[in-house]
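The primary structure of each chain is shown beneath.
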Amino acid sequence: MITIIDYNAGNIRSVLRACAEVGVSAMTSSDPGVVAKAEKIIFPGVGAAPSAMEYLKKTGLDTAIKDAFMSSVPILGICLGAQIVLESSEEGSQQCLGLVPGKTVRFKLKDKLLKIPHMGWNEVKVVKSHALLDGIKSGDEFYFVHSYYPDPADRQNIYAMTDYGGDFCCALGYKNLFAVQFHPEKSGRLGLQMLERFTRWEGNNLTTQ
Amino acid sequence: MLSKRLVVCLDVRGGKLAKSIRFADTKDIGDPVARARQYYEDGADEIVFYDITASRENRDIMIEFVEKAASQIFIPFSVGGGIRSVEDATKLRNAGAEKVNVNTAAVLRKELITEIADAIGSQSTVLSMDIRRVSPTEKIPSGYEIVVNGGIAPMGIDALWWAKEGERLGAGELVVNSIDADGTRDNYEIKLTRMIAESVGIPVIASGGAGKPEHLYDVLTEGRADAALVASIVHYGEYTCRQLKEYLHGRGIKMRMNF
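From first to last, the protein sequence lines stand for chains A and B.
For the first sequence, numbering that gives the first Met the number 0 gives the first residue as 0, with consecutive numbering after it.
For the second sequence, numbering that gives the first Met the number 0 gives the first residue as 0, with consecutive numbering after it.
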């Protein structure tokens, strides 16, 4: 059973529906007690980092997520959930969860024709193999909508990149956490397959299948 | 680099599928969610549901409809038609629509765009514009005028000005719908699309007039559109989404091809 963390951050129901579509059993919860004991966690999110962090702190979900991470629960972060797992974000001055060393940064685009937010379908280029990226081929595209992206301190934690006025990290992995900047729940068949793979992932970084 | 998008538009009336020809003579052609699902599986990059009844009584039906669609379609979709308030927009967004299209109500009270963008984000706020060709005047220097109420009411507003104003007010995307081209299948209004796409910094979806794959190519290249909206050419089975995308991809346009 996957627990989708419900913290008022937008795309929770979309993720739940996507899980249902591929027969992945999932539930949503905003209860820190439930989250801390979850078998597997999806940490979704759309919206702004400051209000998300404020909400997580207020509800105690921040500690619950950290506890789950420390006890090796497999966690999949999506979009904002891939940003606030780092130590800080250029979106606001608050501390973030700090599960992964690094910070979230805003696009600094030289090309004036490129727009922020980066919105639409773009290629995910796998730079390091990971169980959750199995089967993704050159040219495969996923759906993005964001103005910030995760920038892990250690380049070893970057698993996939996307080019938008230069390559940025669109998938990071660190211990039992994997997090993607794109939206698997809105990325058609390829995105749904990633959710399926997550159910089989035990939280280690070995290629499965 | 972002791919260009193929957007399929489904006109919905009372939860049923309809397709308008020059905004008149609508006829039902089946269940829109099932159709949208078919397009999603066939490679459509985005779906637009346009509620052509748009009466107040229809709001709840539309919310139910969006929830049903959201459980079947795992690509972004937007909803338009009759959105008059932040509350309308928020409900549709919460029901599972990625984006909300405003049109007439924004023309009548432009602050609505900002209010919706503040509530659900610019990226989810689409300004849809129905536009017709007129003789340029002092008031309409571009020679393109905004019309509302399904294309019958001229508003005395310059379309180019309105596009830029919409962006300034917080719209994250524009739909440029040519009333002259709509339903003709004679090609998109390339000149209009290009004029607007070159004047704004947000994505432009070209709408109205698609009859052949070449038309999509034209509007995505010469017309500078970020996305091409199609309706009847896929609804009546002349082309599949896959065929259209393969054609465009074959001519060197970056499209999402593995779906």
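Hints are supplied without guarantee of correctness; some may be wrong.
[To be verified] Across the chosen pairs, the derived CB separations fall in these ranges:
| id | chain 1 | residue 1 | chain 2 | residue 2 | range |
| --- | --- | --- | --- | --- | --- |
| 1 | B | E40 | A | S71 | 34 to 44 Å |
| 2 | A | V21 | B | E66 | 39 to 49 Å |
| 3 | B | K211 | A | R188 | 46 to 56 Å |
| 4 | A | K174 | B | K15 | 14 to 24 Å |
| 5 | A | K65 | B | R250 | 47 to 57 Å |
| 6 | A | L108 | B | D30 | 40 to 50 Å |
| 7 | B | Q37 | A | P116 | 48 to 58 Å |
| 8 | B | R250 | A | R188 | 21 to 31 Å |
| 9 | B | T136 | A | K136 | 23 to 33 Å |
| 10 | B | N148 | A | S70 | 43 to 53 Å |
| 11 | A | Q94 | B | E213 | 37 to 47 Å |
| 12 | A | K174 | B | H248 | 47 to 57 Å |
| 13 | A | E195 | B | E66 | 37 to 47 Å |
| 14 | A | K174 | B | W160 | 35 to 45 Å |
Note that these hints are calculated values from the structure, not bench results.
It should be emphasised that the depicted structure is a prediction, and the values quoted were computed from it without experimental measurement.
Note that beta-carbon positions come from the ideal geometry of N, C-alpha and C, so glycine has one too.
Given the hint of 40 to 50 Å, is the C-beta distance from L108 of chain A to D30 of chain B inside that range or not? For D30 of chain B against L108 of chain A, whose Cβ atoms are near 42 Å apart, the range 40 to 50 Å holds.
Cβ-Cβ distance between E195 of chain A and E66 of chain B: within 37 to 47 Å? 23 Å, violated
Range agreement (Cβ of P116 of chain A with Cβ of Q37 of chain B, hint 48 to 58 Å): 29 Å, violated
If I claimed the Cβ atoms of Q94 of chain A and E213 of chain B lie 37 to 47 Å apart, would that claim hold in this structure? Hint violated: Cβ distance 55 Å, outside 37 to 47 Å.
That 23 to 33 Å hint for T136 of chain B and K136 of chain A (C-beta), does it hold up? 54 Å, violated
K65 of chain A and R250 of chain B, beta-carbon distance inside 47 to 57 Å? With Cβ atoms ~51 Å apart, the hint holds.
I want to verify a distance hint. Is the separation of the beta carbons of K211 of chain B and R188 of chain A within 46 to 56 Å? Violated, at about 28 Å.
If you check the beta carbons of K174 of chain A and K15 of chain B, does the distance land in 14 to 24 Å? 51 Å, violated
Is 35 to 45 Å a correct range for the gap between the Cβ atoms of K174 of chain A and W160 of chain B? The hinted range 35 to 45 Å is violated for K174 of chain A and W160 of chain B, with Cβ atoms some 54 Å apart.
Is it true that R250 of chain B and R188 of chain A lie within 21 to 31 Å of each other by Cβ? 25 Å, holds
Should the hint that N148 of chain B and S70 of chain A are 43 to 53 Å apart at their CB atoms be regarded as holding? With a Cβ separation near 60 Å, N148 of chain B and S70 of chain A fall outside 43 to 53 Å, so the hint is violated.
Starting from the range 34 to 44 Å, see whether the pair E40 of chain B and S71 of chain A falls in it by beta-carbon distance. 37 Å, holds
Checked against the numbered hints given earlier, this structure breaks hints 2, 3, 4, 7, 9, 10, 11, 12, 13 and 14; the rest are met.
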